[in-house]
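Chain residues, written in single-letter form:
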Amino acid sequence: MLSHGLRRSLTVFTLVVLVIVYVPLALVLLNSFNTDNTFGWPPAGLTLHWWQLAWESQGARDALWTSVKVAIMATVVALALGTLAAMGLRRTRFFGRNVVSLLIILPIALPGVVTGLAFQNGFRTILGIDLSLWTIVIAHATFCIVTVFNNVQARFARLGSNFEQASMDLGAGRLTTFRLVTFPMLRSALLAGALLSFGLSFDEIVVTTFTASSQDQTLPIWIFQNLFRPNQAPIVNVVAAVLVVFSAIPIYLAQRLSGSHAEGLTGAR
Amino acid sequence: MGLLLTPPMLWLGVAYLGALGALLVTSLWSQNDFTGEIERIWTLDNFRSLLTVDVYRTITFRTLMVAAVVTVVDAVLAFPIALYMAKVASRRAQRLLVIAVLMPLWASYLVKAYAWRGMFSADGPIAWIAQPFGLDTPGYGLFATTVTLAYLWLPYMILPVFAGIERVPDSLFEASADLGAGSWQTLRRVVIPMAFPAIVAGSIFTFSLTMGDYIAVKIVGGTTQMLGNVVYDNQGAANNLPFAAAVATIPIVVMLGYLAAARRTGALENL
Numbered sequence: 023m024l025s026h027g028l029r030r031s032l033t034v035f036t037l038v039v040l041v042i043v044y045v046p047l048a049l050v051l052l053n054s055f056n057t058d059n060t061f062g063w064p065p066a067g068l069t070l071h072w073w074q075l076a077w078e079s080q081g082a083r084d085a086l087w088t089s090v091k092v093a094i095m096a097t098v099v100a101l102a103l104g105t106l107a108a109m110g111l112r113r114t115r116f117f118g119r120n121v122v123s124l125l126i127i128l129p130i131a132l133p134g135v136v137t138g139l140a141f142q143n144g145f146r147t148i149l150g151i152d153l154s155l156w157t158i159v160i161a162h163a164t165f166c167i168v169t170v171f172n173n174v175q176a177r178f179a180r181l182g183s184n185f186e187q188a189s190m191d192l193g194a195g196r197l198t199t200f201r202l203v204t205f206p207m208l209r210s211a212l213l214a215g216a217l218l219s220f221g222l223s224f225d226e227i228v229v230t231t232f233t234a235s236s237q238d239q240t241l242p243i244w245i246f247q248n249l250f251r252p253n254q255a256p257i258v259n260v261v262a263a264v265l266v267v268f269s270a271i272p273i274y275l276a277q278r279l280s281g282s283h284a285e286g287l288t289g290a291r
Numbered sequence: 004m005g006l007l008l009t010p011p012m013l014w015l016g017v018a019y020l021g022a023l024g025a026l027l028v029t030s031l032w033s034q035n036d037f038t039g040e041i042e043r044i045w046t047l048d049n050f051r052s053l054l055t056v057d058v059y060r061t062i063t064f065r066t067l068m069v070a071a072v073v074t075v076v077d078a079v080l081a082f083p084i085a086l087y088m089a090k091v092a093s094r095r096a097q098r099l100l101v102i103a104v105l106m107p108l109w110a111s112y113l114v115k116a117y118a119w120r121g122m123f124s125a126d127g128p129i130a131w132i133a134q135p136f137g138l139d140t141p142g143y144g145l146f147a148t149t150v151t152l153a154y155l156w157l158p159y160m161i162l163p164v165f166a167g168i169e170r171v172p173d174s175l176f177e178a179s180a181d182l183g184a185g186s187w188q189t190l191r192r193v194v195i196p197m198a199f200p201a202i203v204a205g206s207i208f209t210f211s212l213t214m215g216d217y218i219a220v221k222i223v224g225g226t227t228q229m230l231g232n233v234v235y236d237n238q239g240a241a242n243n244l245p246f247a248a249a250v251a252t253i254p255i256v257v258m259l260g261y262l263a264a265a266r267r268t269g270a271l272e273n274l
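Quick mapping for you: the protein sequence lines, in order, are chains A and B.
Going by this note's numbering, the first residue of the first sequence is number 23, and it counts up by one from there.
Going by this note's numbering, the first residue of the second sequence is number 4, and it counts up by one from there.
One thing to keep in mind: the hints can contain errors.
To be verified - Taking CB as the label site, the calculated pair distances span:
(1) B:L6 - A:T198: 13 to 23 Å
(2) B:R170 - A:V38: 21 to 31 Å
(3) A:E78 - B:R191: 52 to 62 Å
(4) B:S52 - A:W77: 42 to 52 Å
(5) A:T69 - B:F136: 26 to 36 Å
(6) B:G16 - A:P206: 43 to 53 Å
(7) B:D139 - A:V38: 20 to 30 Å
(8) B:A263 - A:T57: 47 to 57 Å
(9) A:L75 - B:V79: 40 to 50 Å
(10) A:V90 - B:T9: 29 to 39 Å
(11) A:V38 - B:F136: 17 to 27 Å
(12) B:G16 - A:T33: 29 to 39 Å
Unchecked claim - Cross-link-like lysine to any residue pairs, in silico, SDA-like; alpha carbons within 20 Å at most:
(13) B:K90 - A:S31
(14) A:K91 - A:Q237
(15) B:K90 - A:G27
(16) B:K90 - A:V34
(17) B:K90 - A:R29
(18) B:K90 - A:V39
(19) B:K90 - A:R30
(20) B:K90 - A:F35
(21) B:K90 - A:S25
(22) B:K90 - A:L37
(23) B:K90 - A:Q237
(24) B:K90 - A:K91
Claimed, not checked - Chain B stretches covered by chain A per the calculated footprint, using a threshold of three residues with CB under 8 Å from any CB of chain A:
(25) 111-119
(26) 213-223
Derived from the structure by calculation, the hints contain no laboratory data.
Glycine included, each C-beta is placed from N, C-alpha and C at the ideal position.
Make the full structure from the sequences, and use the hints.
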């Protein structure tokens with residue numbers, strides 16, 4: 023296939039880029055133990071002091087809880103709407119099919135400032151609604167639909183509709199078929215989609231800053247607001263380090279859940 | 004089937020598109036400088052200042068340039084990695100590599116931008132490496148912004164390109180070799196044309212995400228301004244929402260044009 027030399031160059035290139043990709047993340051981890059609170063390099067000494075402060079930080083805890091709430095609610099909405107859209111588009115070849123696909127992609131294809139400002143303007147100027155946790159959830163759900171939709175659609179494409187037809191032929195109604203055949207067939211795709219959707223919402227900051235009231239601090243907003251405060255910076259760094267470590271969990275789960283790697287993972291955004 | 008589509012279409016077609024439409028309408032209104040109230044009087048003033056004030060032209064041009072550079076850099080970095088993952092690595096290594104690429108994708112966006120703030124800081128690792136050679140860190144600015152954004156969006160390019168190259172059958176590589184093509188020629192004439200829609204698919208993300216970013220710009224950009232910053236600084240009660248809306252139409256128009264062009268390559272099936 024490819025020549026020996028090219029294969030070797032590709033291997034070296036990939037390794038070098040991956041090392042460069044991981045250096046900044048390693049720096050965050052290391053700096054969370056750095057005694058110097060302005061993170062001088064190389065570190066003068068190591069300490070667990072910041073980890074203790076971060077653990078006790080009420081602001082970080084509250085923000086974490088807000089983020090979890092928003093991500094769960096947005097994911098529930100995205101699961102329902104994404105599955106419905108994928109089922110609705112299945113086996114149909116009507117003219118609007120491309121329009122619907124485009125509409126589902128649009129919230130992630132347009133920059134976050136556009137989606138964020140559109141929702142803020144819609145809620146406040148047009149409808150006269152105050153920003154709240156719910157306005158964040160509505161905005162997040164909008165760009166999370168695509169992750170569920172992509173996963174469910176890929177699963178449908180892979181498994182076809184033979185099992186459902188067999189079920190209907192054997193006398194099961196639509197609802198029974200959905201409950202006993204379609205849903206079990208989709209289960210792992212739905213989990214993978216939900217996981218991606220949760221991660222996307224949990225990490226989002228641009229749309230969030232536009233749709234959150236000043237009382238609703240998600241974790242990214244909390245990090246951003248404390249980033250430039252000298253006495254908070256080491257605590258933020260610990261929270262950042264924790265997030266790096268925890269990011270391995272959803273990937274591990276998504277890997278186990280989705281049958282092939284390409285499916286489920288490329289729907290990341 | 005139509006019944007199933009009703010809820011998602013109400014949400015996306017009515018609520019989301021409605022909000023985008025309202026944004027366009029708002030961009031044609033004005034703000035009373037005195038009371039700060041939005042006045043629903045039709046005017047093209049916002050667009051007029053957008054087109055005539057030099058600062059906004061410079062910022063628009065700068066943003067498009069950064070988005071283009073970030074996209075090209077990511078494509079150039081992602082292609083060899085994706086090729087390695089799809090066609091060279093063993094099954095086991097492939098699994099590990101997918102995880103290795105996904106890890107930084109899942110690590111918080113802010114953490115990554117923040118990590119580069121540490122890298123570029125005056126007493127950070129880049130300065131530490133550069134100083135023995137009589138050089139210094141480039142510091143916070145346009146260069147740091149470009150590097151950080153290219154870093155942030157690299158996985159969004161690798162994943163679709165990887166999936167795209169994986170779909171190129173091995174037999175095509177063999178056929179190309181049998182017909183006398185060397186590795187480079189096979190890459191140039193078989194793999195790249197077949198992976199092109201996937202590269203375009205990835206570029207939609209790298210381009211769009213760069214164009215709308217203002218947070219990474221604030222973290223590593225120093226005093227650099229991009230379109231996202233102008234939108235952000237003009238929103239909110241005390242500022243000029245109609246003008247922010249007018250600025251936001253620039254990325255909308257650019258991305259709709261980009262998507263229309265991408266559609267012709269078949270890239271949208273690769274998302």
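Status of each hint after checking the structure:
1. B:L6 - A:T198: 13 to 23 Å: 18 Å, holds
2. B:R170 - A:V38: 21 to 31 Å: 26 Å, holds
3. A:E78 - B:R191: 52 to 62 Å: 58 Å, holds
4. B:S52 - A:W77: 42 to 52 Å: At roughly 50 Å between Cβ atoms, W77 (chain A) and S52 (chain B) fall inside 42 to 52 Å, so the hint holds.
5. A:T69 - B:F136: 26 to 36 Å: 32 Å, holds
6. B:G16 - A:P206: 43 to 53 Å: Check failed, 31 Å falls outside 43 to 53 Å.
7. B:D139 - A:V38: 20 to 30 Å: 24 Å, holds
8. B:A263 - A:T57: 47 to 57 Å: 55 Å, holds
9. A:L75 - B:V79: 40 to 50 Å: 42 Å, holds
10. A:V90 - B:T9: 29 to 39 Å: 30 Å, holds
11. A:V38 - B:F136: 17 to 27 Å: With Cβ atoms ~20 Å apart, the hint holds.
12. B:G16 - A:T33: 29 to 39 Å: At roughly 47 Å between Cβ atoms, T33 (chain A) and G16 (chain B) fall outside 29 to 39 Å, so the hint is violated.
13. B:K90 - A:S31: 13 Å, holds
14. A:K91 - A:Q237: 15 Å, holds
15. B:K90 - A:G27: Holds. K90 (chain B) to G27 (chain A) sits at ~14 Å (cutoff 20 Å).
16. B:K90 - A:V34: Holds, at roughly 15 Å.
17. B:K90 - A:R29: Roughly 9 Å between the alpha carbons, so the hint for K90 (chain B) and R29 (chain A) holds.
18. B:K90 - A:V39: 18 Å, holds
19. B:K90 - A:R30: 12 Å, holds
20. B:K90 - A:F35: 15 Å, holds
21. B:K90 - A:S25: Roughly 12 Å separates the two Cα atoms, so the pair holds.
22. B:K90 - A:L37: 15 Å, holds
23. B:K90 - A:Q237: Distance ~50 Å between K90 (chain B) and Q237 (chain A) Cα, so the pair is violated.
24. B:K90 - A:K91: Between K90 (chain B) and K91 (chain A) the Cα gap is close to 41 Å, so the pair fails against 20 Å, i.e. violated.
25. 111-119: Coverage by chain A holds for the segment 111-119 of chain B (8 residues, Cβ < 8 Å).
26. 213-223: holds (count 6)
Comparing the model with each earlier hint shows violations of hints 6, 12, 23, 24; every other hint is respected.
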